[in-house]
Amino acid sequence: MRCGTWTVGVDALSVRAIRPPRASDTPIDLGQLLRVDEAAPEMDAAKRRIVELGIDKSVTFGIDGALGTRALGLAEVQPLSRVLQSHGAPPWWIGTTQIDGELVLLLDLSVLASSQKSGA
Amino acid sequence: MDPTGPAGDEEAKSSAMGLNEALAVKRALGDQAIADDVEPEAEFLCVRLRDRRYAIPIGQVAEVLSPTTVTRVPHMPSHVRGVFNRHGKITAVLDLAAFSAIETEESPKRLVVLQHDQLEAAVPVSEVIGLVQVRLSQIEPPLAHLSGELAFVTGQIDGDDGILSVLDARILLENSRVRRG
Numbered sequence: 002m003r004c005g006t007w008t009v010g011v012d013a014l015s016v017r018a019i020r021p022p023r024a025s026d027t028p029i030d031l032g033q034l035l036r037v038d039e040a041a042p043e044m045d046a047a048k049r050r051i052v053e054l055g056i057d058k059s060v061t062f063g064i065d066g067a068l069g070t071r072a073l074g075l076a077e078v079q080p081l082s083r084v085l086q087s088h089g090a091p092p093w094w095i096g097t098t099q100i101d102g103e104l105v106l107l108l109d110l111s112v113l114a115s116s117q118k119s120g121a
Numbered sequence: 024m025d026p027t028g029p030a031g032d033e034e035a036k037s038s039a040m041g042l043n044e045a046l047a048v049k050r051a052l053g054d055q056a057i058a059d060d061v062e063p064e065a066e067f068l069c070v071r072l073r074d075r076r077y078a079i080p081i082g083q084v085a086e087v088l089s090p091t092t093v094t095r096v097p098h099m100p101s102h103v104r105g106v107f108n109r110h111g112k113i114t115a116v117l118d119l120a121a122f123s124a125i126e127t128e129e130s131p132k133r134l135v136v137l138q139h140d141q142l143e144a145a146v147p148v149s150e151v152i153g154l155v156q157v158r159l160s161q162i163e164p165p166l167a168h169l170s171g172e173l174a175f176v177t178g179q180i181d182g183d184d185g186i187l188s189v190l191d192a193r194i195l196l197e198n199s200r201v202r203r204g
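Note that the protein sequences, when read in sequence, are chains A and B.
For the first sequence, this note's numbering gives the first residue as 2, with consecutive numbering after it.
For the second sequence, this note's numbering gives the first residue as 24, with consecutive numbering after it.
By construction, these hints were calculated from the structure, which means they are not laboratory data.
All residues carry an ideal CB built from backbone N, CA and C; glycine is no exception.
Treat the hints with caution; some may be incorrect.
[Unchecked claim] Straight-line alpha carbon distances no greater than 20 Å define the calculated EDC-like cross-link-like pairs of lysine to aspartate or glutamate that follow:
(1) B:Lys112 to A:Glu77
(2) B:Lys112 to B:Glu163
(3) B:Lys112 to A:Asp101
(4) B:Lys112 to A:Glu103
(5) B:Lys112 to B:Glu86
[As the list claims (entries may be wrong)] Residues on chain A that point at chain B, a partial pick, calculated with CB under 8 Å:
(6) Arg36
(7) Gln79
(8) Leu104
Pulled out of the complex, with its shape left as it was, chain A reads as follows:
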């Protein structure tokens, strides 16, 4: 999924639905959450989608585009290094992979939902 400047991967089994936004949605904006630069990139509003989780239905996430599913071999996934963990990486950042040379952040949306609810 596209989230601002980032391409993000999540466990497909944790996702219940990806759908167009509704007026009643109050999602956590993943693009904004992952922003590292001051300037917000321009995104195509028509591609905006809402991600619903399978377990925690009380939280939804706003993304800037769904890119589809992709099977990754274990060798393609790099768990988050111990150095990054010990230097304050958020618990919901579980690893990285690279697709076509681009760094892809692998996130655990359930943990992210919990941390956002608890304000961590």
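Let chain A serve as the given structure and place chain B on it in line with the hints.
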């Protein structure tokens, strides 16, 4: 990132490779038998970051690289400058300047990859000064202000060109509380 341009890049790569080869040779030699009448010595890679000079035990240096593109990552403390792809492995870049109340080096000349156990991370430096052999008796406790500020500075060497702070990569890589107190 390297302001010296393509020609400078080539020179930098060549210089970095030479140093890497030297590091490999030094590691291969390991602790050779030391004659009984010779005081034990340790070997360090000396680097400069702005006006600070650090000595890194040679066994904790995996590689010296030319600068490369570092990708900033979200929700990390300021001392984590980002990550980069090192031989297919995502490697963190830690900014020593953020711990030392000195300005970040925006145009580092080298990335020194530190290693301890299975841990690795790179630190950007203004300059790699070179290898230095130091008698263990020359290593003193760190200056009071450094020992108070930085847990990973574990000693100092009073050299001809000034003070070298001895950096312990183990503490830097393992411990999130690199600032004392």
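Are the Cα positions of Lys112 (chain B) and Glu163 (chain B) separated by 20 Å at most?
Judged against 20 Å, a Cα distance of about 36 Å means the pair is violated.
Classify the hint on Leu104 (chain A) as holds or violated, based on whether any CB of chain B lies nearer than 8 Å to its CB.
For Leu104 (chain A), the interface hint holds, since the closest Cβ of chain B sits about 5 Å away, which is under 8 Å.
Should the interface hint for Gln79 (chain A) be scored as holding, given a Cβ-Cβ cut-off of 8 Å against chain B?
holds, 5 Å
Could you check if Arg36 (chain A) really has its C-beta closer than 8 Å to a C-beta on chain B?
holds, 7 Å
Quick one, are Lys112 (chain B) and Asp101 (chain A) close enough, alpha carbons at most 20 Å?
holds, 15 Å
Does Glu86 (chain B) sit within 20 Å of Lys112 (chain B), going by the straight-line distance between their CA atoms?
holds, 14 Å
Does Glu77 (chain A) lie within 20 Å of Lys112 (chain B) when you go C-alpha to C-alpha?
Status holds; Cα separation ~10 Å.
Satisfaction of hint between Glu103 (chain A) and Lys112 (chain B), Cα-Cα up to 20 Å
holds, 13 Å
Hint compliance for this structure: hint 2 alone is broken.
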